[in-house]
Amino acid sequence: MNVKTRLGALELANPVVLTSGTAGYGKEISPYLDINRVGAITIKGLSLFPCSGNPPPRIYESASGVLNSIGLENKGVERFIQEDIPFLETFSTRVITNIWGTDEQSYLDVARVLTLVERVDGIEVNVSCPNVEKGGASFSCDLASLGSLIGKLRDVISKTFIVKLGPMKENIGDVMVLLEHLDVDAVSITNTFPALAVDVSTQQVYFSRKTAGLSGPAIKPLALRMVYEATQASDIPCIGMGGIASGTDALEFLLVGARAVGVGTATLSNPVASMEILEGIHSWLSERGIESVEDIIGKAR
Amino acid sequence: MNVKTRLGALELANPVVLTSGTAGYGKEISPYLDINRVGAITIKGLSLFPCSGNPPPRIYESASGVLNSIGLENKGVERFIQEDIPFLETFSTRVITNIWGTDEQSYLDVARVLTLVERVDGIEVNVSCPNVEKGGASFSCDLASLGSLIGKLRDVISKTFIVKLGPMKENIGDVMVLLEHLDVDAVSITNTFPALAVDVSTQQVYFSRKTAGLSGPAIKPLALRMVYEATQASDIPCIGMGGIASGTDALEFLLVGARAVGVGTATLSNPVASMEILEGIHSWLSERGIESVEDIIGKAR
Amino acid sequence: MKKALVTGKRRDGNLVEFVCKCPEIAKSAVPGQFVMISVSTTLDPFLNRPLGILWAEGDYFSVLFEIVGRGTSLLAQLEKGDTLSLLGPLGNGYSLDVPRALLLAGGRGIVTLHFLARTLKEIGISISMLFGIQNRSEIVLSRYMVNCAKGVQRFCCEEEISGVFQGTIVDALEDYATVQTIPEGTGVFACGPEGMLRALARHPLLENHRVEVSLEAVMGCGFGVCLSCAHKGRDGYLHVCSEGPVFPLSEVAW
Amino acid sequence: MKKALVTGKRRDGNLVEFVCKCPEIAKSAVPGQFVMISVSTTLDPFLNRPLGILWAEGDYFSVLFEIVGRGTSLLAQLEKGDTLSLLGPLGNGYSLDVPRALLLAGGRGIVTLHFLARTLKEIGISISMLFGIQNRSEIVLSRYMVNCAKGVQRFCCEEEISGVFQGTIVDALEDYATVQTIPEGTGVFACGPEGMLRALARHPLLENHRVEVSLEAVMGCGFGVCLSCAHKGRDGYLHVCSEGPVFPLSEVAW
Ligand SMILES: Cc1cc2nc3c(=O)[nH]c(=O)nc-3n(C[C@H](O)[C@H](O)[C@H](O)COP(=O)(O)OP(=O)(O)OC[C@H]3O[C@@H](n4cnc5c(N)ncnc54)[C@H](O)[C@@H]3O)c2cc1C
Ligand SMILES: Cc1cc2nc3c(=O)[nH]c(=O)nc-3n(C[C@H](O)[C@H](O)[C@H](O)COP(=O)(O)OP(=O)(O)OC[C@H]3O[C@@H](n4cnc5c(N)ncnc54)[C@H](O)[C@@H]3O)c2cc1C
Ligand SMILES: Cc1cc2nc3c(=O)[nH]c(=O)nc-3n(C[C@H](O)[C@H](O)[C@H](O)COP(=O)(O)O)c2cc1C
Ligand SMILES: Cc1cc2nc3c(=O)[nH]c(=O)nc-3n(C[C@H](O)[C@H](O)[C@H](O)COP(=O)(O)O)c2cc1C
Ligand code: FES
Ligand code: FES
Numbered sequence: 000m001n002v003k004t005r006l007g008a009l010e011l012a013n014p015v016v017l018t019s020g021t022a023g024y025g026k027e028i029s030p031y032l033d034i035n036r037v038g039a040i041t042i043k044g045l046s047l048f049p050c051s052g053n054p055p056p057r058i059y060e061s062a063s064g065v066l067n068s069i070g071l072e073n074k075g076v077e078r079f080i081q082e083d084i085p086f087l088e089t090f091s092t093r094v095i096t097n098i099w100g101t102d103e104q105s106y107l108d109v110a111r112v113l114t115l116v117e118r119v120d121g122i123e124v125n126v127s128c129p130n131v132e133k134g135g136a137s138f139s140c141d142l143a144s145l146g147s148l149i150g151k152l153r154d155v156i157s158k159t160f161i162v163k164l165g166p167m168k169e170n171i172g173d174v175m176v177l178l179e180h181l182d183v184d185a186v187s188i189t190n191t192f193p194a195l196a197v198d199v200s201t202q203q204v205y206f207s208r209k210t211a212g213l214s215g216p217a218i219k220p221l222a223l224r225m226v227y228e229a230t231q232a233s234d235i236p237c238i239g240m241g242g243i244a245s246g247t248d249a250l251e252f253l254l255v256g257a258r259a260v261g262v263g264t265a266t267l268s269n270p271v272a273s274m275e276i277l278e279g280i281h282s283w284l285s286e287r288g289i290e291s292v293e294d295i296i297g298k299a300r
Numbered sequence: 000m001n002v003k004t005r006l007g008a009l010e011l012a013n014p015v016v017l018t019s020g021t022a023g024y025g026k027e028i029s030p031y032l033d034i035n036r037v038g039a040i041t042i043k044g045l046s047l048f049p050c051s052g053n054p055p056p057r058i059y060e061s062a063s064g065v066l067n068s069i070g071l072e073n074k075g076v077e078r079f080i081q082e083d084i085p086f087l088e089t090f091s092t093r094v095i096t097n098i099w100g101t102d103e104q105s106y107l108d109v110a111r112v113l114t115l116v117e118r119v120d121g122i123e124v125n126v127s128c129p130n131v132e133k134g135g136a137s138f139s140c141d142l143a144s145l146g147s148l149i150g151k152l153r154d155v156i157s158k159t160f161i162v163k164l165g166p167m168k169e170n171i172g173d174v175m176v177l178l179e180h181l182d183v184d185a186v187s188i189t190n191t192f193p194a195l196a197v198d199v200s201t202q203q204v205y206f207s208r209k210t211a212g213l214s215g216p217a218i219k220p221l222a223l224r225m226v227y228e229a230t231q232a233s234d235i236p237c238i239g240m241g242g243i244a245s246g247t248d249a250l251e252f253l254l255v256g257a258r259a260v261g262v263g264t265a266t267l268s269n270p271v272a273s274m275e276i277l278e279g280i281h282s283w284l285s286e287r288g289i290e291s292v293e294d295i296i297g298k299a300r
Numbered sequence: 000m001k002k003a004l005v006t007g008k009r010r011d012g013n014l015v016e017f018v019c020k021c022p023e024i025a026k027s028a029v030p031g032q033f034v035m036i037s038v039s040t041t042l043d044p045f046l047n048r049p050l051g052i053l054w055a056e057g058d059y060f061s062v063l064f065e066i067v068g069r070g071t072s073l074l075a076q077l078e079k080g081d082t083l084s085l086l087g088p089l090g091n092g093y094s095l096d097v098p099r100a101l102l103l104a105g106g107r108g109i110v111t112l113h114f115l116a117r118t119l120k121e122i123g124i125s126i127s128m129l130f131g132i133q134n135r136s137e138i139v140l141s142r143y144m145v146n147c148a149k150g151v152q153r154f155c156c157e158e159e160i161s162g163v164f165q166g167t168i169v170d171a172l173e174d175y176a177t178v179q180t181i182p183e184g185t186g187v188f189a190c191g192p193e194g195m196l197r198a199l200a201r202h203p204l205l206e207n208h209r210v211e212v213s214l215e216a217v218m219g220c221g222f223g224v225c226l227s228c229a230h231k232g233r234d235g236y237l238h239v240c241s242e243g244p245v246f247p248l249s250e251v252a253w
Numbered sequence: 000m001k002k003a004l005v006t007g008k009r010r011d012g013n014l015v016e017f018v019c020k021c022p023e024i025a026k027s028a029v030p031g032q033f034v035m036i037s038v039s040t041t042l043d044p045f046l047n048r049p050l051g052i053l054w055a056e057g058d059y060f061s062v063l064f065e066i067v068g069r070g071t072s073l074l075a076q077l078e079k080g081d082t083l084s085l086l087g088p089l090g091n092g093y094s095l096d097v098p099r100a101l102l103l104a105g106g107r108g109i110v111t112l113h114f115l116a117r118t119l120k121e122i123g124i125s126i127s128m129l130f131g132i133q134n135r136s137e138i139v140l141s142r143y144m145v146n147c148a149k150g151v152q153r154f155c156c157e158e159e160i161s162g163v164f165q166g167t168i169v170d171a172l173e174d175y176a177t178v179q180t181i182p183e184g185t186g187v188f189a190c191g192p193e194g195m196l197r198a199l200a201r202h203p204l205l206e207n208h209r210v211e212v213s214l215e216a217v218m219g220c221g222f223g224v225c226l227s228c229a230h231k232g233r234d235g236y237l238h239v240c241s242e243g244p245v246f247p248l249s250e251v252a253w
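Going down the list, the protein sequences come from chains A, B, C and D.
Counting in numbering that gives the first Met the number 0, the first sequence runs from 0 upward without gaps.
Counting in numbering that gives the first Met the number 0, the second sequence runs from 0 upward without gaps.
Counting in numbering that gives the first Met the number 0, the third sequence runs from 0 upward without gaps.
Counting in numbering that gives the first Met the number 0, the fourth sequence runs from 0 upward without gaps.
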């Protein structure tokens with residue numbers, strides 16, 4: 000059976016991708032999961048300088064979902080290259096680095112550094128970080144500022160260029176058309192949803208930054224709709240994600256048009272969730288005598 | 000203990016309201032629940048003419064959530080008045096009628112009829128029905144068309160005038176400011192979220208209309224955020240709803256600023272969920288020696 | 000919600016039967032009705048599941064279900080001594096005012112017809128029952144055929160099983176009709192998969208009979224408030240939980 | 000995920016102890032480590048819950064927890080014979096290379112210090128243990144104090160209980176220090192509520208000692224990938240699951 004898939008020029012051995020922020024820098028997940036077996040690993044969102052993130056508490060559990068307010072904590076791109084790239088060089092899996100910035104310049108600076116790193120196969124740009132003040136949110140709130148950022152990044156990124164979208168005001172079809180014009184290689188859909196939690200014991204909002212991002216099984220139907228609409232509007236390859244916790248969940252995303260699937264929150268409750276999902280895809284295809292995962296991508300219309 | 004609350008001129012004996020579409024026309028829920036004990040009952044969305052709704056299947060269960068594609072089936076305002084108002088006249092609870100239309104005229108026509116019905120205490124206008132082609136969706140997609148509809152309805156509605164909002168492109172704070180200018184008495188937040196389900200056994204999208212509305216516990220954190228932002232932007236009384244299934248859930252909405260809470264999907268799995276929620280509010284307040292529910296409204300900021 | 004104590008459990012492969020103690024439900028249930036059972040104590044899955052009533056007697060009633068998905072899998076984990084949270088009895092049952100009855104049950108459609116057969120037998124109405132399954136995995140269901148001294152009883156399977164009539168329930172009905180006429184006024188009751196009911200709807204043998212069918216639909220509430228259980232009818236949609244699940248065949252469309 | 004068979008269960012009010020069989024975890028666990036336990040087979044709640052290891056011996060280990068919310072309530076429903084799905088042992092334990100030890104346990108903080116005391120005793124290191132609770136409802140926890148022939152053992156409660164020292168663990172420490180000096184080099188280990196640890200952090204009695212504390216944080220994964228378990232540290236945030244849960248007190252900030 001053929002489970003290979005493709006994000007533009009980047010070939011993945013299978014469609015299951017670890018999403019950003021739920022697999023650390025690679026090292027952290029490695030004792031639990033052989034990262035050579037996933038289609039790709041996406042690194043925690045990197046910024047130019049280290050970022051200490053938000054004050055605790057940073058995570059809250061809702062019905063079948065998780066709210067996080069990590070605040071994009073990360074060690075910064077330089078320390079990542081020093082401390083983690085050598086480790087990643089001992090693996091053959093695809094490595095996608097997720098990046099963010101607080102203005103166009105800082106995005107461009109990180110992208111310029113990472114595009115020179117051989118071990119990096121793809122650069123995923125987070126344009127929708129609801130947790131950080133002045134964060135990416137501003138770049139996805141209208142087509143003009145999104146287009147400006149992405150256009151400039153396209154000029155500096157020589158790796159597979161992935162734009163990671165979240166819920167936004169603009170029509171997702173319009174965004175896809177814009178990204179197609181800007182020659183983006185792939186999109187990841189979706190990032191977390193802006194949400195709020197209240198602690199009735201203290202009678203206060205739970206997170207210090209008030210809103211936080213909702214992920215996990217609760218958002219799967221919302222994510223499926225976004226992927227469905229995005230892949231109908233454009234042929235840009237899409238990594239579908241949002242609440243995937245089983246092989247069936249992954250197949251749903253592939254059926255509506257995703258070419259790969261991201262596993263995020265599920266990894267937190269089970270570090271080998273991605274492997275079980277991959278096995279689920281395998282056995283579903285083989286039970287139906289379907290030769291290639293390509294054959295089901297976009298079949299549900 | 001005082002659990003009375005107020006939506007403009009309309010006083011409710013307690014803050015727990017049955018939401019539209021999950022309590023039928025009143026008659027259907029009555030064998031299971033004494034509707035005199037809820038703060039108000041909201042009737043299934045009424046249109047000028049009967050509407051047969053969407054083809055089955057109409058409901059799908061996701062993780063801690065429910066997708067519905069009822070398609071606003073209803074018997075039409077005339078039959079409601081003939082068949083159900085006499086029944087409702089035997090009760091003293093507050094009755095809110097939910098209405099929708101396919102253009103301004105049809106909204107206005109239903110509103111004109113209902114505003115003359117004595118037993119009707121409030122009229123809730125659904126401006127965000129994602130299930131019906133050409134439905135309310137268009138009225139909430141920009142401030143101009145929303146403002147035009149609401150302004151005209153304000154002129155014909157003499158009952159408590161409630162606007163029911165759902166997820167939309169416009170900033171919710173801006174919408175609230177607009178509604179305040181238009182002298183709306185209250186808002187209901189939120190309607191369902193546009194979502195999609197896939198049936199892997201048929202490899203097709205599950206609903207014939209493709210997208211459907213997500214409700215239930217899964218959406219609570221999203222709804223809380225909307226209510227939080229809306230009540231910070233404006234003092235219009237808000238009925239908060241979205242996934243409320245326990246007294247604690249209801250308290251969370253009151254703490255962020257809702258003056259009443261709606262119980263929808265929870266009624267489907269337990270017809271007396273609203274009563275258990277009301278008891279939960281009561282015992283929480285009394286355990287803390289809080290005299291009046293007013294004292295906690297908007298405390299979490 | 001009502002509470003019912005599970006006083007007995009029987010499991011055969013994918014089929015589970017619970018005997019439950021709940022006088023409130025047992026004493027008022029009539030054949031064709033169903034219950035909505037809560038399958039989880041957490042918020043997932045959130046909705047109850049509809050199951051037909053297999054029989055009711057004294058303080059007890061029973062349900063019989065097939066494990067097909069998340070809800071039924073969770074339910075199957077309950078054991079004797081556990082407590083069910085449920086609503087019921089719900090919906091409208093079969094008409095009992097018939098001079099004689101012909102019951103056509105397909106697969107797990109036998110559940111409510113089992114209850115009907117027992118009840119008709121009790122009140123002295125003669126019944127014939129045809130019961131069909133698709134393959135041998137469902138053979139245990141034949142346990143629920145009710146032995147009726149006077150009437151005919153037939154068992155058929157689409158798969159070959161030695162000694163068993165091979166064919167669909169429609170084939171069995173045609174075969175039955177060659178030896179036995181269906182007297183005018185016979186109450187015909189059918190419960191089974193949509194495909195079977197649809198085939199019966201157009202069948203000339205049943206043309207001049209009063210036929211009642213029990214429909215299924217994916218349900219939200221089971222008690223009439225959500226309008227999710229729509230099924231095509233002659234004049235617009237039927238609502239399976241509140242107007243059915245039993246309908247005159249003539250009112251149903253496909 | 001690893002599997003562990005629940006071979007014993009003890010429940011006292013809101014406290015539950017499970018004895019579990021899982022050689023993989025039991026054989027490698029050291030005092031201070033924890034496990035992440037799955038509390039539901041459905042999708043709600045979705046995350047695992049962290050629980051300290053009470054003891055480990057041969058093929059067995061044990062956890063002791065208080066029912067405080069949804070997850071612990073669900074966990075408490077499991078019985079002997081059920082199987083836990085879990086990860087562990089996780090995190091870094093206490094330092095065992097000390098000449099003598101003073102253990103300060105507050106409430107359910109006794110869990111990991113119980114394991115530490117047993118281990119130190121086994122390797123022949125003399126220990127003293129002060130154990131404090133807030134009110135009499137927690138009195139059953141005193142069962143987990145480890146009897147150490149040579150060391151001092153003290154039990155205190157903020158509420159009045161006859162025959163028991165009344166006060167916080169800090170009061171008890173001060174009282175202890177009036178009769179006993181804390182020799183230089185003593186390993187001081189503290190586990191308990193944040194308030195207690197904060198009070199110890201500024202306490203002159205511990206100023207010149209090597210103190211290790213075990214921290215708690217709300218956790219997403221428990222194995223270092225999500226960065227949700229942040230706790231204020233001297234230089235930026237500490238990550239409780241991967242860098243802790245045991246930290247030198249000097250590295251922690253509040
Ligand atoms: C009035 C009525 C009486 C019923 N009586 C019985 C009975 O006596 N014994 C029995 O085994 N089953 C009966 N069913 C069907 C039973 O309700 C479904 O099999 C069950 O709800 C599936 O739940 P699940 O969570 O396991 O499956 P899911 O995971 O929800 O779905 C699995 C499959 O079952 C289908 N399904 C889901 N819900 C329903 C539904 N309400 N009706 C029909 N198909 C559904 C889905 O489309 C899917 O294909 C009855 C249904 C109705 C409406
Ligand atoms: C390393 C570590 C070891 C622990 N060891 C033990 C132990 O041995 N015995 C024991 O009883 N408890 C222990 N805890 C605390 C235990 O994890 C929480 O009580 C549990 O996760 C609460 O789950 P819940 O679903 O019942 O509560 P929830 O419904 O999630 O919350 C109830 C309350 O508990 C708080 N809470 C939730 N998660 C945590 C958490 N991870 N840490 C601290 N507070 C939390 C919430 O803020 C809330 O106030 C430990 C925590 C950590 C981080
Ligand atoms: C703890 C946590 C941290 C995350 N950090 C990032 C991040 O740094 N950058 C990013 O683009 N997305 C981040 N995400 C979003 C996920 O990559 C993913 O898009 C989202 O959670 C939806 O998928 P899921 O439901 O499978 O988790 C994070 C999510 C979680 C739960
Ligand atoms: C089956 C169903 C039917 C609904 N019908 C309507 C409707 O007719 N009009 C309307 O404004 N909202 C309708 N809603 C939305 C609910 O009133 C409510 O706003 C939403 O479901 C969120 O609340 P909940 O999570 O408590 O259900 C419907 C919801 C459901 C589940
Ligand atoms: S299932 Fe809700 S009305 Fe029938
Ligand atoms: S809990 Fe995930 S990194 Fe510590």
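Check before you lean on any hint, since a few could be wrong.
[Stated by the list, open to error] Just so you have them, the derived chain B footprint on chain A, three or more residues with Cβ under 8 Å:
1) 11 to 18
2) 88 to 98
3) 144 to 150
4) 191 to 197
[What the hints assert, rightly or not] No farther apart than 30 Å at their CA atoms in a straight line, the calculated lysine-lysine pairs in the DSS-like style are these:
5) K74(A) / K26(A)
6) K26(B) / K209(A)
7) K26(A) / K2(D)
8) K120(D) / K79(C)
9) K20(C) / K79(C)
[Stated by the list, open to error] Which chain B residues stay away from chain C? Per the calculated CB distances, all over 12 Å, these:
10) M0
11) N53
12) S61
To be clear, the hints were calculated from the coordinates, so they are not data collected in a lab.
Cβ coordinates follow ideal geometry from the N, Cα and C atoms, glycine included.
So, going through the hints one by one against the coordinates:
{"no.": "1", "hint": "11 to 18", "in the structure": "violated (count 0)"}
{"no.": "2", "hint": "88 to 98", "in the structure": "violated (count 0)"}
{"no.": "3", "hint": "144 to 150", "in the structure": "violated (count 0)"}
{"no.": "4", "hint": "191 to 197", "in the structure": "holds (count 6)"}
{"no.": "5", "hint": "K74(A) / K26(A)", "in the structure": "holds, 13 Å"}
{"no.": "6", "hint": "K26(B) / K209(A)", "in the structure": "violated, 41 Å"}
{"no.": "7", "hint": "K26(A) / K2(D)", "in the structure": "holds, 24 Å"}
{"no.": "8", "hint": "K120(D) / K79(C)", "in the structure": "violated, 47 Å"}
{"no.": "9", "hint": "K20(C) / K79(C)", "in the structure": "holds, 11 Å"}
{"no.": "10", "hint": "M0", "in the structure": "holds, 26 Å"}
{"no.": "11", "hint": "N53", "in the structure": "violated, 8 Å"}
{"no.": "12", "hint": "S61", "in the structure": "violated, 9 Å"}
When held up to the earlier numbered hints, the structure conflicts with 1, 2, 3, 6, 8, 11, 12 and fits the remainder.
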